[in-house]
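> Sequence:
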Amino acid sequence: MNYGRGLLVAGAALCALPASAQDIDDDTVLLDTVVVTATRNASSLAAVAQSVEVIDGQEIENLRTTTKDAADLISRLIPGYAPSNQTLSGASESFRGRSVLIMVDGVPRNLPLRNNSRILSLIDLDNIERIEVVNGASSLYGAGATGGTINFITRRGESDTPTWNIRTDVKAFTANPGESIAPSLNVNVGGRKEDFDYYFSASGAFADKFFDGKGNEMASDSMLGQGGSDRTRQGNLFGTMGYETGPRRFELSVDWNYTEQHPKWLTDYTTSPISPDFSSVYPGKPLKEDSRYYSAKFTDSSFALGDLEIKAFYNDVVKQSPFSELSSVNSIVYYSGDPANPTSPYNQTVLEGDRFGLNLTVNSPLDYIHPGTTFTWGLDYTFDQTTQALVSGEDVIAPMTQNQISAFGQLEVEVTERLRLQGGARFDQFYLKIDDFLRPDAVQFPGTLYPAVSVLGGSFDYNALTFNAGAVFDVTNEMQAFGNFSQGFSLTDIGAFTRRAGVNSFAEACDAYGGLFPGCPAVAPDFTVSYSDIAPEPQIVNSFETGLRGNWGRFSGKISGFYSTSEEGVNYDVSANRISQQKEEIWGAELSARFEATDRVTLGTNLGYTEGRYDADGDGKIESGEYLPNNRIPTTFKGSVYTDLSFDHGIMARAEVAFFSGRTRIVDEHIDGAALLNLALAKDFDNGGKLAVGVENVLDTAYLNPTATATRGADVPGLGRTVSLSFSRKF
Numbered sequence: 002m003n004y005g006r007g008l009l010v011a012g013a014a015l016c017a018l019p020a021s022a023q024d025i026d027d028d029t030v031l032l033d034t035v036v037v038t039a040t041r042n043a044s045s046l047a048a049v050a051q052s053v054e055v056i057d058g059q060e061i062e063n064l065r066t067t068t069k070d071a072a073d074l075i076s077r078l079i080p081g082y083a084p085s086n087q088t089l090s091g092a093s094e095s096f097r098g099r100s101v102l103i104m105v106d107g108v109p110r111n112l113p114l115r116n117n118s119r120i121l122s123l124i125d126l127d128n129i130e131r132i133e134v135v136n137g138a139s140s141l142y143g144a145g146a147t148g149g150t151i152n153f154i155t156r157r158g159e160s161d162t163p164t165w166n167i168r169t170d171v172k173a174f175t176a177n178p179g180e181s182i183a184p185s186l187n188v189n190v191g192g193r194k195e196d197f198d199y200y201f202s203a204s205g206a207f208a209d210k211f212f213d214g215k216g217n218e219m220a221s222d223s224m225l226g227q228g229g230s231d232r233t234r235q236g237n238l239f240g241t242m243g244y245e246t247g248p249r250r251f252e253l254s255v256d257w258n259y260t261e262q263h264p265k266w267l268t269d270y271t272t273s274p275i276s277p278d279f280s281s282v283y284p285g286k287p288l289k290e291d292s293r294y295y296s297a298k299f300t301d302s303s304f305a306l307g308d309l310e311i312k313a314f315y316n317d318v319v320k321q322s323p324f325s326e327l328s329s330v331n332s333i334v335y336y337s338g339d340p341a342n343p344t345s346p347y348n349q350t351v352l353e354g355d356r357f358g359l360n361l362t363v364n365s366p367l368d369y370i371h372p373g374t375t376f377t378w379g380l381d382y383t384f385d386q387t388t389q390a391l392v393s394g395e396d397v398i399a400p401m402t403q404n405q406i407s408a409f410g411q412l413e414v415e416v417t418e419r420l421r422l423q424g425g426a427r428f429d430q431f432y433l434k435i436d437d438f439l440r441p442d443a444v445q446f447p448g449t450l451y452p453a454v455s456v457l458g459g460s461f462d463y464n465a466l467t468f469n470a471g472a473v474f475d476v477t478n479e480m481q482a483f484g485n486f487s488q489g490f491s492l493t494d495i496g497a498f499t500r501r502a503g504v505n506s507f508a509e510a511c512d513a514y515g516g517l518f519p520g521c522p523a524v525a526p527d528f529t530v531s532y533s534d535i536a537p538e539p540q541i542v543n544s545f546e547t548g549l550r551g552n553w554g555r556f557s558g559k560i561s562g563f564y565s566t567s568e569e570g571v572n573y574d575v576s577a578n579r580i581s582q583q584k585e586e587i588w589g590a591e592l593s594a595r596f597e598a599t600d601r602v603t604l605g606t607n608l609g610y611t612e613g614r615y616d617a618d619g620d621g622k623i624e625s626g627e628y629l630p631n632n633r634i635p636t637t638f639k640g641s642v643y644t645d646l647s648f649d650h651g652i653m654a655r656a657e658v659a660f661f662s663g664r665t666r667i668v669d670e671h672i673d674g675a676a677l678l679n680l681a682l683a684k685d686f687d688n689g690g691k692l693a694v695g696v697e698n699v700l701d702t703a704y705l706n707p708t709a710t711a712t713r714g715a716d717v718p719g720l721g722r723t724v725s726l727s728f729s730r731k732f
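Each residue of the sequence shown is one higher than the one before, counting from 2 in the working numbering.
These aren't lab readings, by the way, just hints derived from the structure by calculation.
Heads up, a few of these hints could be off.
Stated by the list, open to error - Using C-beta positions, here's what the derived DEER-type ranges look like: (1) P284 with V694: 36 to 42 Å; (2) S647 with D269: 45 to 51 Å; (3) D618 with A297: 47 to 53 Å; (4) G621 with A508: 17 to 23 Å; (5) D355 with N464: 41 to 47 Å.
We put the CB at the ideal spot given by N, CA and C, even for glycine.
Model the full structure from these sequences, guided by the hints.
Laid out in structure tokens, this is it:
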């Protein structure tokens with residue numbers, strides 16, 4: 002493994018430390034923002050050796066005027082997160098070129114055995130108090146965070162009397178306001194009575210047609226089976242209740258999201274950019290999301306061994322994909338039985354995931370060993386059951402169940418008043434059972450039939466051991482240097498592997514189809530594939546990072562560099578329609594800065610650079626021209642610059658330029674860059690009301706969305722100019 006670049010990055014911070022650093026004043030509060038995601042324990046940002054971003058409620062509100070899409074908000078504020086693909090799906094929205102773990106109140110929402118990215122854009126921002134983002138690999142919450150972790154912290158009732166909030170929005174494209182109008186409504190109430198607190202929310206949203214910067218109607222399924230955001234109906238119910246007495250607190254929460262998309266037309270992937278096929282009426286069932294999340298948490302700060310947290314959760318996830326037809330882009334579909342019309346009328350699937358988890362975390366102070374020393378440790382148990390079937394009921398992946406048992410420990414030592422060290426390890430043991438199933442008849446473009454294959458499953462066990470270590474040094478009262486090595490892991494998408502049973506490799510095709518498959522020995526086919534020795538192994542990612550962060554009163558900022566490697570990268574090959582595994586390396590740099598020029602004017606910027614390569618030819622070496630494909634890194638540079646302005650009479654304004662460079666590393670798959678202007682204006686009233694107007698893509702720029710285009714290699718236009726009007730009232 003090549004650690005040279007990682008060590009170079011890790012040493013950069015040491016070179017940046019001035020020899021004449023100021024003494025630290027005991028009365029100085031340094032970076033005292035409290036975060037919980039980075040260490041699984043409430044601690045100040047000053048104690049965290051990783052790059053962490055906290056998006057507070059005010060920042061959410063500032064961007065909420067122009068967007069209520071959590072994916073769009075994250076992309077605009079987090080330098081390492083890819084540009085939003087502007088749909089319900091998170092396809093190709095990578096984090097530092099790798100996968101992202103999405104959580105709500107510390108509960109993961111990813112499905113590890115069958116990757117489906119329709120998560121982030123369905124989170125209701127009106128229920129969010131703050132967002133904590135940990136950049137880089139981490140295994141503290143299990144699988145999935147090879148590029149980063151995003152944790153949404155929900156609101157809690159605080160006032161002694163009920164506080165009601167009502168927000169209504171309406172949004173439309175200026176190209177055709179009448180056919181694109183999209184209203185939404187959120188009503189929430191929170192409060193507390195003695196030891197009991199509560200928060201409840203209900204919201205609904207409707208959307209019609211979407212239009213690009215040229216005024217053309219956009220396709221409903223631009224990324225082939227992922228679905229879009231047009232012609233949608235969404236509803237969300239959320240509630241949390243807590244009871245707190247002395248050092249103990251008990252909390253319950255429920256979150257239900259229901260979404261339907263009703264496309265009118267199929268998509269024409271032969272045009273550039275892609276467009277609705279107005280000659281082909283959409284024949285399938287709607288895209289659907291019907292997912293419920295339940296959690297319970299108990300905390301006790303008087304526990305004998307330290308601060309105790311016990312959390313239980315149950316995720317009941319149902320995701321129905323849209324219908325799609327056989328084409329040069331959609332290379333494999335399920336067979337109808339009719340060679341003239343080979344696509345099955347049921348060629349859309351329903352993914353169901355049941356996930357139960359139990360987490361125990363204890364933060365034990367060890368001052369008796371060394372002042373300022375703490376040890377955070379715990380155990381996790383997770384049970385997953387995953388199925389995916391056609392809407393007609395036929396399984397398309399092997400039904401699976403998995404039990405996961407994990408143990409972790411994190412040690413933090415305050416070596417001196419200015420130097421803190423961190424380190425830890427996590428061990429995960431998995432027990433996986435794959436059921437037998439019959440993979441249905443499939444057709445590959447332009448018309449090759451792959452008859453049904455009997456898939457034999459089995460029972461497996463495997464594990465993952467990961468480590469992390471880091472340091473934080475107070476350079477001055479206002480500035481810190483930090484550096485870390487951390488490992489994260491992701492699990493093999495077993496569902497995707499079994500869905501392509503019989504065609505995952507040439508050897509597998511010969512095993513299933515014998516002499517019927519071109520180039521295979523002339524033996525009789527048995528139409529059977531055995532996965533009794535599949536032996537899935539986690540992908541381990543090694544991440545090196547170093548940086549500087551500080552707060553000088555009116556100016557605050559952070560700069561960091563990172564380098565990550567993996568021996569068995571996970572890369573989706575669009576042309577072959579399969580996952581391939583080779584060595585990978587990804588590197589980059591990020592900058593965030595904010596300057597309060599006056600009491601009324603704030604300037605800020607977020608800039609990110611990401612690039613990476615992999616062993617494309619499988620010769621065991623990563624060579625100079627073997628760059629990762631665009632669906633992993635859709636743009637090399639991205640960022641934004643913005644200003645927040647405050648005027649008399651409660652008037653506020655925000656101007657932002659968001660930009661991306663595109664990417665030209667892949668031959669014949671160049672993605673162009675673009676810059677977009679967004680404006681917002683808001684007025685606060687004395688009665689608790691607020692009126693706001695926002696305009697996205699003010700200049701109605703026609704451009705290709707880099708992330709959506711990278712997903713399937715087909716040109717996908719970006720959204721045209723939209724105007725949003727909102728009114729909220731608190732009472």
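> Taking the hints in turn, state whether each one holds.
Results for each hint:
no., hint, verdict
1, P284 with V694: 36 to 42 Å, "40 Å, holds"
2, S647 with D269: 45 to 51 Å, "48 Å, holds"
3, D618 with A297: 47 to 53 Å, "51 Å, holds"
4, G621 with A508: 17 to 23 Å, "19 Å, holds"
5, D355 with N464: 41 to 47 Å, "23 Å, violated"
In the structure shown, a violation is registered for the earlier hint numbered 5 alone.
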